[in-house]
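**Student:** Here the protein sequences line up with chains A and B, keeping their order. When we follow the numbering used here, the leftmost residue of the first sequence carries the number 1, and every step to the right adds one. When we follow the numbering used here, the leftmost residue of the second sequence carries the number 1, and every step to the right adds one.
Treat the hints with care, as some may be off.
Said to hold, decoys possible - Simulated DEER-style distance windows between Cβ atoms:
1) Ala111(B) - Asp77(A): 34 to 44 Å
2) Pro60(B) - Glu40(A): 38 to 48 Å
3) Ala127(B) - Glu151(A): 54 to 64 Å
4) Arg31(B) - Pro90(A): 39 to 49 Å
5) Arg107(A) - Arg107(B): 42 to 52 Å
6) Asp169(B) - Glu23(A): 43 to 53 Å
7) Thr63(A) - Asp169(B): 57 to 67 Å
8) Arg107(A) - Gln55(B): 16 to 26 Å
9) Gly175(B) - Leu44(A): 52 to 62 Å
10) Gly173(A) - Tyr19(B): 43 to 53 Å
11) Asp117(A) - Gln55(B): 29 to 39 Å
12) Asp77(A) - Ala96(B): 34 to 44 Å
Claimed, not checked - Just so you have them, the derived chain B footprint on chain A, three or more residues with Cβ under 8 Å:
13) 77-88
14) 200-212
Said to hold, decoys possible - Some chain A residues judged to face chain B by a derived CB distance under 8 Å, without partners named:
15) Val56
16) Pro60
17) Asn119
18) Ala137
19) Leu170
20) Pro193
What the hints contain is simulated information worked out from the structure, not anything from laboratory work. Every value quoted in this text rests on a predicted model; they were computed, and no experiment measured them. Where a beta carbon is used, it is the ideal one built from N, C-alpha and C, also for glycine.
Residue-level listing of the chains:
2 protein chains.
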Amino acid sequence: MRLAELSERSGISSATVKYYLREGLLPPGRRVSATQAEYEESHLRRLGLIRALTQVGRLPVATAREVLACVDDSSLDQHSRIGAAVWALPHGDRPAPGDPEAAAAERTAQALLEDLDWNFSQSAASASPAYRMLVGAIAALRHLGYPCGAENLLPYARAAAQVATSDLDLVAGYGDAEEQIEAAVACTVLYEPVLLSLRRLAEAEESNRRFNAEG
Amino acid sequence: MRLAELSERSGISSATVKYYLREGLLPPGRRVSATQAEYEESHLRRLGLIRALTQVGRLPVATAREVLACVDDSSLDQHSRIGAAVWALPHGDRPAPGDPEAAAAERTAQALLEDLDWNFSQSAASASPAYRMLVGAIAALRHLGYPCGAENLLPYARAAAQVATSDLDLVAGYGDAEEQIEAAVACTVLYEPVLLSLRRLAEAEESNRRFNAEG
């Protein structure tokens with residue numbers, strides 16, 4: 001398809017599509033004349049992923065480019081490409097350097113991973129930005145005196161494991177490996193607000209059940 | 001305790017504590033002389049909640065003040081105070097006005113609530129900012145062509161319900177109603193990065209299990 005059709009089908013203006021091409025977020029089309037290029041379904045899909053990252057995930061263009069470079073890195077296997085792309089996403093607060101609670105938070109995170117039936121080696125987990133984010137979140141809970149022992153965190157981890165199973169089930173619904181990698185990264189970002197909004201609705205439901213029933 | 005001790009025990013500078021007093025986030029202490037006031041344990045606890053909202057939740061001071069006003073609204077019962085405070089938190093993207101996907105997204109959200117064993121009346125749910133956030137997240141998934149039927153969302157909702165049970169269990173560990181309300185609001189905010197980081201770790205674990213085992 002030509003640029004005009006790509007724009008119409010994606011609902012993204014031609015100017016924005018050209019911007020994504022210039023910034024290297026969208027791979028170039030196949031040139032068919034000096035002024036025209038031909039785009040494929042894969043370009044349309046890529047535009048969806050770019051929108052997921054920049055609009056819903058609010059990633060700066062430079063970060064989105066880094067994530068997409070991992071998605072496209074054909075020197076890696078499928079698992080590593082998804083992993084590398086998710087590592088390149090923003091991960092919120094890490095523990096501040098020299099934070100006195102960070103060491104205790106890290107022990108809690110390690111105890112949690114040991115309690116779970118997860119295969120991470122300790123060193124692999126420690127290198128992961130999601131793990132650093134977890135340690136930062138536990139350190140914040142410790143600073144403010146809220147409960148955050150491994151026994152408190154375990155039910156959250158079990159729920160997260162169920163969510164991850166659903167995530168990968170969604171991804172498995174896609175035909176080929178390229179599509180699966182793109183869907184895995186997009187759904188990681190797009191399902192975060194789904195999960196957080198459902199948690200707040202579920203909290204209201206549970207609070208109503210407990211406190212209104214008593215009151 | 002005096003301001004200096006409050007500052008030391010909370011780890012928050014006197015200048016910042018005074019700023020919170022001026023901005024009405026922290027209730028005034030009991031005046032004991034023209035220049036000195038006496039603070040209670042409840043002030044220390046409140047400082048923890050203020051830090052949770054402003055540092056981890058990144059709420060602007062005006063929004064934090066609104067949340068705390070709900071926490072302190074003794075004309076409401078406990079369930080309503082928690083609910084009102086959580087409603088006052090930021091809720092991310094709502095559907096854009098006139099979004100053609102919003103109506104379909106709303107039907108999906110309604111179908112999901114019907115599938116769940118939750119007591120929300122439809123009108124109560126629709127008024128909630130968490131529900132608007134859910135509709136916005138589904139609309140984004142629809143725009144980008146990712147799977148988002150009620151059947152796709154149901155496992156996320158079930159996991160959210162489990163998380164909410166853990167949230168309220170944490171809260172129930174606190175002694176009195178005031179502390180429970182503060183803890184409910186703080187844990188809503190502080191456990192979001194816990195949940196999101198654990199989801200990413202669990203995704204890596206699940207992806208490794210599926211793709212590396214095959215590859």
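**Student:** Each hint: holds or not?
**Tutor:** For each hint, the structure was consulted:
no.: 1; hint: Ala111(B) - Asp77(A): 34 to 44 Å; verdict: holds, 38 Å
no.: 2; hint: Pro60(B) - Glu40(A): 38 to 48 Å; verdict: holds, 44 Å
no.: 3; hint: Ala127(B) - Glu151(A): 54 to 64 Å; verdict: violated, 36 Å
no.: 4; hint: Arg31(B) - Pro90(A): 39 to 49 Å; verdict: holds, 46 Å
no.: 5; hint: Arg107(A) - Arg107(B): 42 to 52 Å; verdict: holds, 47 Å
no.: 6; hint: Asp169(B) - Glu23(A): 43 to 53 Å; verdict: holds, 47 Å
no.: 7; hint: Thr63(A) - Asp169(B): 57 to 67 Å; verdict: violated, 37 Å
no.: 8; hint: Arg107(A) - Gln55(B): 16 to 26 Å; verdict: holds, 22 Å
no.: 9; hint: Gly175(B) - Leu44(A): 52 to 62 Å; verdict: holds, 57 Å
no.: 10; hint: Gly173(A) - Tyr19(B): 43 to 53 Å; verdict: holds, 51 Å
no.: 11; hint: Asp117(A) - Gln55(B): 29 to 39 Å; verdict: holds, 33 Å
no.: 12; hint: Asp77(A) - Ala96(B): 34 to 44 Å; verdict: holds, 39 Å
no.: 13; hint: 77-88; verdict: holds (count 6)
no.: 14; hint: 200-212; verdict: holds (count 13)
no.: 15; hint: Val56; verdict: holds, 5 Å
no.: 16; hint: Pro60; verdict: violated, 17 Å
no.: 17; hint: Asn119; verdict: holds, 6 Å
no.: 18; hint: Ala137; verdict: holds, 4 Å
no.: 19; hint: Leu170; verdict: holds, 5 Å
no.: 20; hint: Pro193; verdict: holds, 4 Å
Hint check: violations occur at hints 3, 7, 16; the rest are consistent with the structure.
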